[in-house]
Every structure is written in C-alpha cells, then in structure tokens.
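**Q** Given chain A, put chain B in place with the hints provided.
One-letter residues, chain by chain:
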Amino acid sequence: MTAAGNPALDTAARPTRGGRRAGLSWLGVAPFFVYVGLFLLLPTAIIVVGSFTSLKGGVTLENFSGINKPYMVKAFTNSLSVSAVSAVAGAVLGAILAYAVVTGRPNGLLRRSIMSASGVLAQFGGVALAFAFIATISTVGFVTIFLKDHGIDIFANGVWLYEAPGITLIYLYFQIPLMVLVFLPALDGIRPQWREATDSLGGSTWHYWRYVAGPLLAPAFLGCTLLLFANAFSAYATIGALLTNGGTYVPLQIQALLTGETEQSQPGLAQALALAMIVIVVVVMTLYTLLQRRTTRWLR
Amino acid sequence: MNLRYRIRGLGVAVAALLLVAACGSSSGNSSSSCGASAKSAADCGGMSALVTAAKAEKELNVIALPPDWANYGAVITGFTAKYGITVNSANPNGSSQDEVNAFDGTSNAPDVVDVGQAVALANTAKFAPYQVTTWNDIPAGAKEPTGLWFNDYGGYMGIGYDSSKVPGGAITSVTDLLGSGFKSKVALAGDPTKSNQGLNGVIMAGVANGGSLDDVSKGVDFFKQLKKAGNYVPVVGTAATVKAGQTPVLFEWDYLSTSHGKDVSTWKIFVPSNAIIGGYYSQAINKAAPHPAAARLWEEYLYSDEGQNLWLKGGARPVRMAAMTTAGTIDKTAAAALPAVSGSPQVPSGDQTSKASAYVVANWSAAVS
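Chains as they are written, first to last, in the numbering used here: chain A, 1 to 300; chain B, 1 to 369.
For reference, chain B alone in the conformation it holds in the complex:
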C-alpha cells in the first residue's frame, strides 16, 4: 500500500468525523425549540422535552460556586445524579463580577450565574428571561418581572465566632467587639469596597450602632474604632482562616458561617436583634449560554422542592420557603436547625446598597489603614 492511498484514506476519515460531529451538534439544537428563546419549560413543550434537550447537550458550565457555599457541592452532585449532565465548575472562589466578566461568547462561558443583587441589576442586558415552573412561589419583590433574574436563597448577616476564644464565651452585642479581649480577632468575609458580603457586614455594623440602611457611615466609623483598638484583622475570612484561628470573629452570612462548625466545634453565630440584615443571591441565565437547555433545566432543579431543601440543609433560607412551609414540603429538621433570630429583618434595596457602596469605597481606606 503506498503512501498516497493512506493519506487519501485519512482525509476521508477526517471528513467523516467532521460530518458526524456536525450532525451531532445540529441534531442537538433542532430536536426541540429549547434554544436561547425558551422563556419557560412550556415553551420547550413541557418538562420532559426540556429534560431530553438538556441531556442531549450533556454539559453545563457554572462559575464561582464554592462547594461549601450554601451546600452547592450537594446541589451539583444532585443535579448530575438526576439528569446525567456533567457540571463544569470554573473558578469556585470568584466574585459575582468575575462571573459576568466570563461571558466571552465561547463554549466555555458560564451558562448560568449566581450573583449578588448589584451585579444582577447592572447586567440585565446580558441575561435571558426565564420563568421556572414554581415562579409564582417567588415573592414579587424578589424577582425581575420577566425573569431576567430571580432571587434564590439568602440569610442574615451574622457574627460567627469561636466561643473558646472570646471573653465570656459569648458575644451579645456588636459593641462587645471593641473590648480589649478581641485584639486582632475581628474580620470581614469580604473586602467591603468590592464584595457584596463584606459590604453587608459594614451595613449591619452601622445599623447596630445607630445608623440605618440609608446611612452606612456609622458602620465605617465602627470599623475605624475596631482598627484603632487593634481588633480588626485585614484578612478576608474563609474556611481556611477560621480553621487556622486567624479570624476567630467573623462578620459573615449566617448560612455560610454554619459550615465552620465542622472545623471548629466551638463555633457559634450571633445575629444582633437590632440589626437583622437580610440578603439574597439571584440566579440568571446567560443570554448566549453555550448549553441553553441545560441552563434552563438547572434553574428548574434549583427551584424544585428538592433543590430548595438542599439550600435549607446548607443553612440558607430558600426563596420558596414560605410557600413550601404552607404546602408542607419543607424539610422540617433542616428548618429547625437555622440560627435563631428574634426581631424583624431588613433587606437593603438596590438603591440603598449602591449608595452604601459608594460611601464605603470613598471612606474605607481612610478608616482602616
């Protein structure tokens, strides 16, 4: 056999391969109308059609979802086990802005994002409207009316602490932290000039010290005093710093703070009754999602009873909690395990958050450095 035939044979094989690949992708898209235009499962021809279309896409790209964040690890494995779709998780510790920055139009771009409210509001032009089957259970203030973004889970800003390392073994008010027993112990779980969680920590300190959702200056003042007392640690608290003991007192969402219990058995969470600051994260679908059907099925899964109860098991409060409690589908054991909170929660609006953010950005450096 001479070389020329071999090469020709190879050419045919390559052409055949390309043809198969082309057929594969075209059949995936044309088998249903579950493309980027579907605004609900009904547009696809019902849930089972959506499932079939999503399975044909085989993969789902997600970004900035740490496995220990609100039980995301279990959510991802649960989704894969149920539908056999591989979840590609990129940059688990990224910020909400990193998520949107990754919309680059390639096949690696995230299909879905889980973002803080500020980023959700600023990027609606990049999202596709979609309403999950359980849409009506989501309170009106917690979603964009057409479904460009919709809140998913949340909780209250708390102070997590290692009770073996604080004076008296308990924190009962935010001003306790200014005491001399808290030398280089108090940290935030994010840089407030750029992280939603960090900013809410400062807002909470402000409300607890006589400020309000409209006036974050008291919160910045509080951290200035903390810094002056030598109690503030300029390190972002994470599971690792808590485990190492570098950040024994940490302003953090209560549902994220509960996860430190497995590393530090004496870990407790304090939510001040005079400053219960609520915050929710939102889901949204990339308008140019490389796997449009899988993206929509992912949202259906997150807002199903199963998905919502998984948040609850992670210590977060799912957005359908009220409706599910009425319907009796809520996981009662997990609901009872949430940190006890007395008082009425306040949720900063988008406007209040951006005003607070602008103030913190302009004044934070002067306060803590």
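In isolation and in its complexed conformation, chain A is listed as follows:
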C-alpha cells in the first residue's frame, strides 16, 4: 500500500504549501483502493483460501488433483484453444480494419463511425450476444430458416454453432472491435515521415514494413493479441447462455461444480479451477504489460 501510495502523495504535495495537505490527499484515492480491495483482492483471497480447503474444512491439495481429470483437462484445452483462435483471428482482422481507418481522414465520417461502433460492439457480449446468434443462425434462427427455404442448409454437417467454430465466430463479434480500439493508438503513432524517409533512401514498400513499421508495431500487435486472449478466456455469460447443456469449458465447469444438485457440488474444486484461470490470466497480462512498455518506448 505505501509503495503504491507514495508517488501519488508526493505529486499531490509538491505544488502546494506544505505537509498538511498530504494527509488529505489519501481521501481522493481511498475510494479506488476500497473498490479494488472489495471487488478484486477480497474475491481473489476467498478463492485462494477456498481452493486449499477440503469439504470438511481442513487444508488440502486434493482440489488441485481434481483438475487432472480428463474432462477437466479437456475443458481447459477447449477454453484455451477457442480463446487463442479467436484472439489471433480477431487481432488480424481488427488490425486490418484499424489500418483502413488510419489511412482515411483523421476526423472523417468513416473513422468516427467505426470508432463509435467499435466502442459499442466491444462491450456487446454476454446473454444479449448469445441471444442475437440464437435468433439469427441457430437451428430455428430466421437466417437459417430463410437459407433453408432457398436450398442452403448451413447445418448440413451438424450444428457447428454450439461447437468451437461457432463459439469462435461469436467471440469475434466483440474481439474485432476491441482490437480496433486498442490497436489504433499504435497505428496513429506511426509517422508518415518515416515512410517518406524510407522512400527517399530507396526502400520499397516491403522494406518499409519489414524494417520500419513491422518491428515498431510487432510488440503492440502481440500485446493486443494477448489482451484479446485474456478477454475471451475470461468470458462466461456468452457461452453460459448459448451452451446451457454440457459445455466443456472452464467457466461452465465452475458453474456446474457450484450449483450441481446431483451430489457433484464441489466448491473447493470450483475454486481451484478459478485459481488456475487467474494464474493463466496473470501470466498473460504480465506479458501484455511488458510488451506495452516496449511499445510506448517508440510510439508516443
């Protein structure tokens, strides 16, 4: 707490008259720390403690051995692969869209409309998104029925909407806009003068991308991809609403373990799974922060 608080304290105290204000400046950040404590640190602590607690109340490592069961491993591989695929696809498509936006006029209609649409769509997840897909391209969705009436059966080889391809498609709906939002600042940081400099030194477009823009944008691109990965990995409500039965994904397994009514309710194992998810997200976000630091060194 003190380490985090000191810089804020110093900057607040410096421009004004004396030490007396320093005591009060804490008040300004207090709500933030209370909020973080109550909604981030406390739940994490409860999960950590719970994952090491047995059903009878003692300390145990048993919960973690439960993760090793084949269906739990499968839940993790499913979650990780859907997150990875949707992150990479979202990053590539989002970056292309962002580049298109950057090459347009800075305050043009295209940029403004894509930015506001992205802002809305990046948050358009959860039950509403799942319902949108159920209403359009599920087995009884109107698009499916319309196509069927015209001789096209999109589910001729099985209902892929509830499988990995379908979930990836649905996730792309919020992954691409998010990529546009987080990648655009990096693209904005690329100066036209660098391109001109490359040209005047006799470089081709390939040289420009390979030796100038590419290396500059790579850390930002990878960082954003990691952010997208964490975003998909932690998503719960969308698949929760879509796959109400038998979804082998980690968040759904946690839900099943907490609410199961057939003697399979195991809160300890659920918390162990949650802890494993937290560890994965922490690793990913640490890499993201490191890459962001590298990005900001060049693009200001």
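Some hints could be false.
To be verified - Within a straight-line C-alpha distance of at most 20 Å, the following computed SDA-like cross-link-like pairs (lysine to any residue) qualify: (1) B:Lys227 <-> A:Gln266; (2) B:Lys227 <-> A:Pro267; (3) A:Lys74 <-> B:Ser369; (4) B:Lys243 <-> A:Ile145; (5) B:Lys165 <-> A:Gly141; (6) B:Lys262 <-> B:Ala340; (7) B:Lys183 <-> A:Asn157; (8) B:Lys227 <-> A:Asp149; (9) B:Lys183 <-> B:Pro167; (10) B:Lys165 <-> A:Ala156; (11) B:Lys183 <-> A:Thr136; (12) B:Lys58 <-> B:Ala109; (13) B:Lys228 <-> A:Gly158; (14) B:Lys228 <-> A:Ala156; (15) B:Lys183 <-> A:Ala156; (16) B:Lys55 <-> B:Pro92; (17) B:Lys243 <-> A:Ile134; (18) B:Lys243 <-> A:Phe133; (19) A:Lys148 <-> B:Lys165; (20) A:Lys69 <-> B:Val368; (21) B:Lys183 <-> A:Lys74; (22) B:Lys126 <-> A:Gln266; (23) B:Lys165 <-> A:Lys74; (24) B:Lys183 <-> A:Phe76; (25) B:Lys126 <-> A:Pro267; (26) A:Lys74 <-> B:Asp221; (27) A:Lys69 <-> B:Ser369; (28) B:Lys228 <-> A:Tyr71; (29) B:Lys224 <-> A:Gly158; (30) B:Lys183 <-> A:Glu163.
Stated by the list, open to error - Incomplete in silico selection of chain B near chain A, CB under 8 Å: (31) Asn93; (32) Ser95; (33) Ala366.
Worth flagging that the hints you see were computed from the coordinates, not collected in a lab. Where a beta carbon is used, it is the ideal one built from N, C-alpha and C, also for glycine.
**A** Showing chain B alone in chain A's frame:
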C-alpha cells in the same frame, strides 16, 4: 418551536417505533410453541393453533419454484388465498443445490425447500424434523422416518415431442431418435452432470438400451451416438425453447412435459414401456427457518387433499395418490388425464443415483463434445 425539542421529539418517536416493533416480534414467537421445535401440528396445540401462529408471521419464503413446474403457481396462490400469508418466491429457476446454498441464516433465507433426492440426503443436518397430519399416507420408503424430508410428488421420465416435427408423427422407441429425421432435435431438460432431471434422462436412455439402474454407461453411450448422428442439441430444454422450436424432442419428467401442450398443440409424451423411470421430489423445512410456523403450515397444505389434488392437476403424481384413491378423495378427472403408462416403474435408489451421477460426471464431456 426550536430545533432541540424537535430532535428530542423525533428521538421519542423512534424509540416508540422500536418498542412496538420489538413487541410485535416477541408476541409472534411467544404466543404459541410453534417455533422451530414443533415436530407436528399437535406440538403446536392442534391445526388451528398452527394456523394462528403462521398467520402472525405473515410471510413465507420459498425458492426455486417455477410457476409452471407441477402447478406450483396454483399451489402458491391457493395457499395465500386460504391463509392470507404472503409467499416470497426467490430464484424460480434455481437448482436444488441453489436452494440449500441459500440457507444463510438471514430473514430472507428459504423457510422450506423442494429438492431432489440427492440434495435431500446430503443435507439432512440443515433440516428440521416435521411430520404432517397425513404422515401415515406417505409410503415408508418415501420419507425419512423422523420427518427430515418426505417425498411429495413425482412422475416418470418421458420423451416429450412435437408430433408435427418427427418422422411418422410418433415416437415408439428410444432408438427411433438415432434416425436421420431427428437431426439437431433431441435435448435434455437439464445438464446431467449437475441436474437431477437431466441425469434421470440419461438413466432412462440407459435402461431402454439394455442397461439397468446400476449401469448408466449404456445411457451415456446412447447420447454419444445421438451426438455422432448430429441429433443432439446441447441446450437445456425449457418452456421457451420448446415454444421456439429449438428442442422439439425433449427428455423430461412427464408431469413437466404436459405443460408444453399449451404452447405447442401437437405436443405428445412417450414413456417407453421398457424403461419407466420414476422420480420424486422431497419437501423439507429449514432448521433455521425465519418463519417456522408458516413453514409447517405450508407442508400441511401441500399434503392436504387440496394440495395433493393440485399436483395431480399439474400432471404430477402426488405421494398420497394411493391412499386418496382408496379414500375416494382423489380428483378423478385429473387422474384420468395422466399420460398412459404400461409396464412396471423402477425408482433409482439414492445409492444408484449417486453411482450413476459419478459415472456421468466423469464420462459425459467425452461423449457429447
């Protein structure tokens, strides 16, 4: 008038209010011995004393009771109309485990629960023993001897289907469902790894395919084949999905399935004669019920002729059905409207259910994903 007097006046008013509130609650508890210790209506000094004590509590907390589930909507309105007690219904679509999880010791905790057998057996320490007046009509195997839980209503696992959407307009055997005419049509009414109803659907499919109550593996295999044929839909069937047409073939308790008839006029129910799986839900009273007398009166109402006939009207088979048929108090029209069943029903025991559950949890994901 100056401010100081006003504030003092306010203080007196608040104190008076607190005093009244305190008196109100203490008189509610001390007027009879209908507290958490009453093991029968006789302990309260008879039914009328129980009714008086329950009315003084004014409210009853229930949880996870969907209005269209076995006629619960009518049961709740009937109870309120008869005794003037407000019923607070929380989380109507919750699971049996959610119900017990809500025992948090606050005044909002459920007074009574309606749970599947597994949850009832696992949580007896949280329940208060109580024997309703009609206790002797409940068969011995359908209740805990001291009254910690007692079965209430049930039915058979069936396959409800929209006859306009299946080949030939009828289902005559469970293996029909593997046919190509059932592409992405077959669903369960619960996730079998966590829902009692879903699990019984798999047990039924197992028994129908040469398994037994002790061997659910055939049921899991059956759903694996369904999945391979592209016929399985990974969506929990509800009134909404049936109405939308997303789950035109649904493994479901027969008494819950009948309610889809009002949305889909071509809805029919098939109970395979080689696999009649029965299941009952149990009532239990929270040991720390915030409204102990109302909780006990609620059970009396559920097990009265009136309450039992309300289940029957909802298509469920009330636990006192045999006794009421003998006594002639059963609603004969409602009894005749139950789905026709030929063959002998089997009811999985607690042991069989937990063994089946453990197998399904370990093998379900591999089978259907």
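**Q** Any hints from earlier that this structure breaks? Give me their numbers in increasing order, please.
**A** Hints 1, 2, 8, 16, 21, 23, 24 and 31 are the ones this structure does not satisfy, whereas the remaining hints hold.
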